[in-house]
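Peer 1: Residue numbers (our numbering), protein chains in the order written: chain E, 5 to 93; chain G, 5 to 93; chain B, 132 to 289; chain X, 132 to 289.
Since the hints were derived computationally from the structure, they do not count as laboratory data. Some clues are possibly wrong.
[Said to hold, decoys possible] Ranges between beta-carbon positions, derived for each pair:
no.: 1; chain 1: B; residue 1: Glu198; chain 2: E; residue 2: Asp74; range: 24 to 30 Å
no.: 2; chain 1: G; residue 1: Asp44; chain 2: X; residue 2: Arg197; range: 36 to 42 Å
no.: 3; chain 1: X; residue 1: Ser148; chain 2: B; residue 2: Thr213; range: 21 to 27 Å
no.: 4; chain 1: E; residue 1: Gln12; chain 2: X; residue 2: Pro201; range: 54 to 60 Å
Cβ atoms here follow ideal geometry from the backbone N, Cα and C, with glycine treated the same way.
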Amino acid sequence: MTVTSTPQISVSVRLFAAARERAGAEVVTVQVPVNSRIADLRIVIGETVPSLKPLAAHLLFAIGTEYATDDAPLPASGEVVAFPPVSGG
Amino acid sequence: MTVTSTPQISVSVRLFAAARERAGAEVVTVQVPVNSRIADLRIVIGETVPSLKPLAAHLLFAIGTEYATDDAPLPASGEVVAFPPVSGG
Amino acid sequence: MIQLTHDPIDFSALTESVRSPACGAVVLFLGTVREMTNGAQTLRLAYDAYPAMAEAKIAELEAMARERWPLQEVRIVHRLGTLELGEVSVAIAVSSPHRADAFDAGRWLIDRFKAVVPIWKQEHWADGTTEWVHPGIADPPAESRESGSPLPRERGQG
Amino acid sequence: MIQLTHDPIDFSALTESVRSPACGAVVLFLGTVREMTNGAQTLRLAYDAYPAMAEAKIAELEAMARERWPLQEVRIVHRLGTLELGEVSVAIAVSSPHRADAFDAGRWLIDRFKAVVPIWKQEHWADGTTEWVHPGIADPPAESRESGSPLPRERGQG
Numbered sequence: 005m006t007v008t009s010t011p012q013i014s015v016s017v018r019l020f021a022a023a024r025e026r027a028g029a030e031v032v033t034v035q036v037p038v039n040s041r042i043a044d045l046r047i048v049i050g051e052t053v054p055s056l057k058p059l060a061a062h063l064l065f066a067i068g069t070e071y072a073t074d075d076a077p078l079p080a081s082g083e084v085v086a087f088p089p090v091s092g093g
Numbered sequence: 005m006t007v008t009s010t011p012q013i014s015v016s017v018r019l020f021a022a023a024r025e026r027a028g029a030e031v032v033t034v035q036v037p038v039n040s041r042i043a044d045l046r047i048v049i050g051e052t053v054p055s056l057k058p059l060a061a062h063l064l065f066a067i068g069t070e071y072a073t074d075d076a077p078l079p080a081s082g083e084v085v086a087f088p089p090v091s092g093g
Numbered sequence: 132m133i134q135l136t137h138d139p140i141d142f143s144a145l146t147e148s149v150r151s152p153a154c155g156a157v158v159l160f161l162g163t164v165r166e167m168t169n170g171a172q173t174l175r176l177a178y179d180a181y182p183a184m185a186e187a188k189i190a191e192l193e194a195m196a197r198e199r200w201p202l203q204e205v206r207i208v209h210r211l212g213t214l215e216l217g218e219v220s221v222a223i224a225v226s227s228p229h230r231a232d233a234f235d236a237g238r239w240l241i242d243r244f245k246a247v248v249p250i251w252k253q254e255h256w257a258d259g260t261t262e263w264v265h266p267g268i269a270d271p272p273a274e275s276r277e278s279g280s281p282l283p284r285e286r287g288q289g
Numbered sequence: 132m133i134q135l136t137h138d139p140i141d142f143s144a145l146t147e148s149v150r151s152p153a154c155g156a157v158v159l160f161l162g163t164v165r166e167m168t169n170g171a172q173t174l175r176l177a178y179d180a181y182p183a184m185a186e187a188k189i190a191e192l193e194a195m196a197r198e199r200w201p202l203q204e205v206r207i208v209h210r211l212g213t214l215e216l217g218e219v220s221v222a223i224a225v226s227s228p229h230r231a232d233a234f235d236a237g238r239w240l241i242d243r244f245k246a247v248v249p250i251w252k253q254e255h256w257a258d259g260t261t262e263w264v265h266p267g268i269a270d271p272p273a274e275s276r277e278s279g280s281p282l283p284r285e286r287g288q289g
């Protein structure tokens with residue numbers, strides 16, 4: 005018997021600042037269902053990397069060098085950037 | 005027969021910028037009735053020094069290093085400063 | 132021009148470079164490393180960035196400021212790495228024919244910079260601990276001094 | 132400190148002198164000699180002052196600014212004499228723990244400076260004429276180009 009499941013894709017999430025420090029890695033790779041959006045990735049990150057769970061709701065996402073809102077689809081490249089609120093200046 | 009007249013005092017008015025240039029002098033001395041105020045001096049300056057008449061209504065006055073308003077009495081020193089609106093900066 | 136640097140910021144050269152006979156006003160803003168924040172003492176700060184995006188966002192801010200105000204020159208530089216007390220972390224210099232525009236643009240640029248440019252500050256407190264500053268997540272100094280905080284105190288890289 | 136000077140203003144030293152570990156923000160304002168004013172071309176400016184009163188008024192402005200904002204350092208310098216295009220006529224540097232206060236104080240100081248400090252600017256126009264600038268009396272460039280003006284065009288000292 006075959007278990008059917010939603011096809012998954014792999015997404016590399018590049019982290020900065022407290023997110024990188026908590027994850028203990030510059031990049032984490034997570035599996036998300038195809039056709040996921042940033043909002044879905046936000047949830048998956050918190051579940052896959054427990055140390056990021058307290059930050060997940062506050063993370064900002066970027067695709068390349070542009071901010072990506074929660075309704076943005078994940079990019080074909082499978083590469084996303086995530087970081088907590090900025091504090092330069 | 006003696007002509008009675010209001011006693012006059014002599015006031016030295018130190019000038020700056022366009023006022024000095026128009027008067028052609030750094031200081032002009034004018035006669036004003038005793039107990040005059042800055043407002044009276046303003047009128048007398050315009051009458052005594054015709055080249056200052058177009059400026060008289062706009063002149064700012066100072067006694068020492070403080071601005072003096074039209075209702076201020078003339079100082080015992082007999083020395084007053086007058087200049088057109090400032091334009092530093 | 133260089134917008135991110137690990138070297139001390141030469142704010143004199145930056146200011147000099149925006150002066151112009153077309154302008155009556157220059158405004159320079161410097162962000163400097165402050166010792167005390169809400170009663171907590173800082174020894175030094177470390178700044179990290181996502182450089183490619185930071186430079187793209189800074190260029191965008193300059194373009195937006197130029198649309199809003201008649202600016203002659205705009206220079207924005209942020210320093211990365213470890214900064215000692217009193218050192219300059221960010222410098223923004225603008226020139227404009229009239230001063231109101233230079234003040235408005237300078238202020239808008241640093242306000243927007245702090246909201247959108249991906250750079251992060253890590254406090255190195257006098258008690259030996261470190262803490263990333265992430266506005267809106269918590270009041271960092273207060274939280275860092277509580278035990279049992281839902282966001283355990285960050286430990287520094289050095 | 133020197134508030135009026137005939138020498139070029141060293142705005143770098145001025146800015147350096149207000150930096151402090153107690154502060155997160157420095158704002159520097161420079162007034163510079165602009166070439167074009169309402170379509171008229173300036174060759175240079177000459178500034179005259181009533182020095183004793185100018186220094187007293189500048190000191191008053193600093194004291195008033197310190198009452199209104201938590202400022203660490205305040206430096207105000209104005210240059211006198213002849214200034215070429217692009218040169219700095221006035222420099223105001225302030226430092227404060229937070230940037231909003233530094234911007235507000237810097238802007239207030241230059242606005243009030245231009246309203247109350249007895250210093251006057253004389254335009255040396257490209258057509259060879261000169262003209263004292265006295266705000267509110269007339270629109271100087273326009274008037275200077277009319278004949279039969281009630282305030283005949285000022286002639287310069289040199």
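Peer 1: Could you run down the list of hints and mark each one as holding or not?
Peer 2: Structure-based check of each hint:
no. : hint                               : verdict
1   : B:Glu198 with E:Asp74: 24 to 30 Å  : holds (28 Å)
2   : G:Asp44 with X:Arg197: 36 to 42 Å  : holds (38 Å)
3   : X:Ser148 with B:Thr213: 21 to 27 Å : holds (25 Å)
4   : E:Gln12 with X:Pro201: 54 to 60 Å  : holds (56 Å)
Of the numbered hints listed earlier, not one is contradicted by the structure.
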